[in-house]
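A.B. asks: Chain residues, written in single-letter form:
Protein chains: 2
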Amino acid sequence: QLSVSPNSLPFTRITNCNIGNPQQLAQRPITFFRQVAALVDYPDLLRSESNLFKPDARERAAKYLAAIGSAGAYSHSQGVPIVRREVADFIEKRDGFAADPENIFLTAGASPAVQLVLNSLISHPKVGIMIPIPQYPLYTASIALFNGTAVPYYLDEAKNWGLSKEELARSLAKARSEGVEVRALCIINPGNPTGQCLSLENMNEVVEFCKKENIVLLADEVYQTNIYKPAERPFHSFKKVVKSKGPEYDNFELISFHSVSKGMVGECGRRGGYFECTNIDPEVMAQFYKIASISLCPPVHGQLMVGLMTNPPKEGDASYPEYRKEMDDIYQSLVRRSNTLAKALNKLEGVSCNEAEGAMYLFPTITLPRKAVEAAKALGKQPDDMYCMELLNETGVCVVPGSGFWQKEGTWHFRSTFLAPENQMGEFAESLARFHEKFMNKYR
Amino acid sequence: QLSVSPNSLPFTRITNCNIGNPQQLAQRPITFFRQVAALVDYPDLLRSESNLFKPDARERAAKYLAAIGSAGAYSHSQGVPIVRREVADFIEKRDGFAADPENIFLTAGASPAVQLVLNSLISHPKVGIMIPIPQYPLYTASIALFNGTAVPYYLDEAKNWGLSKEELARSLAKARSEGVEVRALCIINPGNPTGQCLSLENMNEVVEFCKKENIVLLADEVYQTNIYKPAERPFHSFKKVVKSKGPEYDNFELISFHSVSKGMVGECGRRGGYFECTNIDPEVMAQFYKIASISLCPPVHGQLMVGLMTNPPKEGDASYPEYRKEMDDIYQSLVRRSNTLAKALNKLEGVSCNEAEGAMYLFPTITLPRKAVEAAKALGKQPDDMYCMELLNETGVCVVPGSGFWQKEGTWHFRSTFLAPENQMGEFAESLARFHEKFMNKYR
Chain C
294 QLSVSPNSLP
304 FTRITNCNIG
314 NPQQLAQRPI
324 TFFRQVAALV
334 DYPDLLRSES
344 NLFKPDARER
354 AAKYLAAIGS
364 AGAYSHSQGV
374 PIVRREVADF
384 IEKRDGFAAD
394 PENIFLTAGA
404 SPAVQLVLNS
414 LISHPKVGIM
424 IPIPQYPLYT
434 ASIALFNGTA
444 VPYYLDEAKN
454 WGLSKEELAR
464 SLAKARSEGV
474 EVRALCIINP
484 GNPTGQCLSL
494 ENMNEVVEFC
504 KKENIVLLAD
514 EVYQTNIYKP
524 AERPFHSFKK
534 VVKSKGPEYD
544 NFELISFHSV
554 SKGMVGECGR
564 RGGYFECTNI
574 DPEVMAQFYK
584 IASISLCPPV
594 HGQLMVGLMT
604 NPPKEGDASY
614 PEYRKEMDDI
624 YQSLVRRSNT
634 LAKALNKLEG
644 VSCNEAEGAM
654 YLFPTITLPR
664 KAVEAAKALG
674 KQPDDMYCME
684 LLNETGVCVV
694 PGSGFWQKEG
704 TWHFRSTFLA
714 PENQMGEFAE
724 SLARFHEKFM
734 NKYR
Chain G
294 QLSVSPNSLP
304 FTRITNCNIG
314 NPQQLAQRPI
324 TFFRQVAALV
334 DYPDLLRSES
344 NLFKPDARER
354 AAKYLAAIGS
364 AGAYSHSQGV
374 PIVRREVADF
384 IEKRDGFAAD
394 PENIFLTAGA
404 SPAVQLVLNS
414 LISHPKVGIM
424 IPIPQYPLYT
434 ASIALFNGTA
444 VPYYLDEAKN
454 WGLSKEELAR
464 SLAKARSEGV
474 EVRALCIINP
484 GNPTGQCLSL
494 ENMNEVVEFC
504 KKENIVLLAD
514 EVYQTNIYKP
524 AERPFHSFKK
534 VVKSKGPEYD
544 NFELISFHSV
554 SKGMVGECGR
564 RGGYFECTNI
574 DPEVMAQFYK
584 IASISLCPPV
594 HGQLMVGLMT
604 NPPKEGDASY
614 PEYRKEMDDI
624 YQSLVRRSNT
634 LAKALNKLEG
644 VSCNEAEGAM
654 YLFPTITLPR
664 KAVEAAKALG
674 KQPDDMYCME
684 LLNETGVCVV
694 PGSGFWQKEG
704 TWHFRSTFLA
714 PENQMGEFAE
724 SLARFHEKFM
734 NKYR
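Those protein sequence lines, which keep their order, are chains C and G. Just so you know, we're using the working numbering here: the first sequence kicks off at 294 and counts up by one. Just so you know, we're using the working numbering here: the second sequence kicks off at 294 and counts up by one.
One should not assume that every hint holds.
[Said to hold, decoys possible] Straight-line alpha carbon distances no greater than 30 Å define the calculated DSS-like cross-link-like pairs of lysine-lysine that follow:
#	chain 1	residue 1	chain 2	residue 2
1	C	K583	G	K583
2	G	K583	C	K419
3	C	K674	G	K583
4	G	K674	C	K583
5	C	K347	G	K347
6	C	K347	G	K356
7	C	K701	G	K583
8	C	K701	C	K636
9	C	K419	G	K419
10	G	K347	C	K356
11	C	K670	G	K583
12	C	K467	C	K701
13	C	K583	G	K419
14	C	K583	G	K356
No wet-lab data here; the hints were simulated from the structure.
With the hints as extra help, turn the sequences into a complete structure.
C.D. replies: Right, dumping it as structure tokens:
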């Protein structure tokens, strides 16, 4: 409608705050990563005199080309071995515990990785997968697709979306009482849509719970570098938490997911990610491999981006200063934008919003007037759905209603990314405030 | 073993004839395609003076960048709209019938495309999918994964792996008598592993059969440009055959698959492909879209390669002469290699091989001595499995036993690509001949 008749709408552009897609908005890719990608795509550039490319970019591209032959060749179905080695080194350095490339599967992003694992776990409709509510809908969609049972546990908004072992126990007991065989517990940390980072204490409780109940832990850690309160709430991987608990946990089953789409990398379109298996039965890993091999291999360019993300330029490398500056600039801008948006949201009548500890999202709760709830009901819509649709129609701002993520009954939310370009944040906050006031007055 | 102790084996390299992976061997990528990919990866190159890039490569990259913003952004889950337009134009030009971008889904290669469709079709274990025997194992694997029933129909080796309507009818009747609800018929044309091209007559019979029996036709046409006897056996798309049959077939349900991995393009590692829906219920397409969106989008670089494959340089474009020469050289070399290998195979005792009409494979039948069959049985192996393993151990040549594709009981085959570098084909044929003679003498 905007392109066909631009004057027919009360706004001039759509602000896509509905999806964590940084490069759709103003975020620029990391130069070193793209230089290596271009050199791998078109190796004649390696032999050219162009001074666009620093020696470390040329070296890395040559190293990848030596390993893969061509970006046009299928790789090993589990992923290029030297990239899996880079991932293992990254994990070892991050956690201080050994990682084995044989336990790492490169994938076309975290979403297909989660689907592969859930497909393997769900062997009959009564297999239950515990998922946080609110949750990223990948989980409910995949569990439905593979015909399993979603077992919801609720995050506590009053405790900054923390989780409690009592709630985990309640959720599990309820599912078991209904004949559901609970095989796995999914944790998204930092949270999506909720943006919280789990405390170490919480994480230990989760691990103890899974061990006691003999449940596989699935740790979705794709936002591990989107950490905005590093002093109070640093990121800890579940791998590190499990390994820190000593020999009693030597058989603890954990699968951890990561992606090139998030963080400061934001290479969503490339489709790259990995999962690491900790103490997963070799026969189960053989099944993962078999499923992976049906699609032959993950995109080679996505795999190389995983290598670049986990093994970036280091101090002393020619590209390091530029890399460091680009990463820091994006990070600082995310921090500023998250604060600006949280403040703007908390000023709105009936809106309350936890500050983002991590990820790319704010998930404010909105207390809606009774008349708005009734108007939505009359339209056959959820009230937050109606709110978001009116917001889009009046301002061009696109956010996702909380009902898309599931939420505690009788509460209403929306999820907004804080990825809008920084120079548009002021205008964005103002149009949100204007809309909100009008909406509240309309239904007061 | 080769890299650790190179002198411990009777050969110095592995010849991978087990998989259609041209760029793993000597095939070079098409320059224009890779130039555009590099320019999209690293747009600073567009602003550089480098004379490596011709104007049409720069223009195409700029056009794609304007449409996608960045290769690092998620695209539409069904695929970048302008690329779907390029695909539709390609299909229209190929067939002489209209194609609609809204009916085209871009995918991460044909394998995930086939899986997406089968996942949607198989809603209970008694859903049957008719598949050719021998078949590319994507089909049996996916049907098993989604817990459906494979309904085999046999290709006739004596008629150059053609198919007969009597055999289709027999297969369907048998399945129905067992309570199987047959929903789809898969055809691989040109064939894999068999390399045949269907005659127009055969194709018409298939279409009439599906219409009469109310079965969706799934046309795997990834080898549509690997056509080696274009005068006798040109490629016809099933879309064209259906559309040529007139208004009676206006509701005929067809899904056609294509890929950037095969043909002269051979960009397997990029993971790009598409499927086109013809007369598929919009509600079914909505389900396809929903499943596609769980993984957000296919790799953007794979999508752009689909655009490049379907909309290559044209006569008059700056890159056309180079493009034309590269495509022709690869094609002519494939023709020569397929003939060389077929001749070499047909010289072997007890081996008989149809010439390749299409695809990248030969699928010779081998009549094995009784003692070899017994020796395999004693090892708990299929005889062709034992043959292929001995071939690998003695010569480094890796081919796939026919039992991996399923085959008529009591017959033995193997599948070999003819992708080995042309300058190695002589040596390859000789070592195959030496091995075969030794094997036959051993078990005579």
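A.B. asks: Honestly, which of those hints from before does the structure not fit?
C.D. replies: Violated hint (a single one): 14; every other hint is consistent with the structure.
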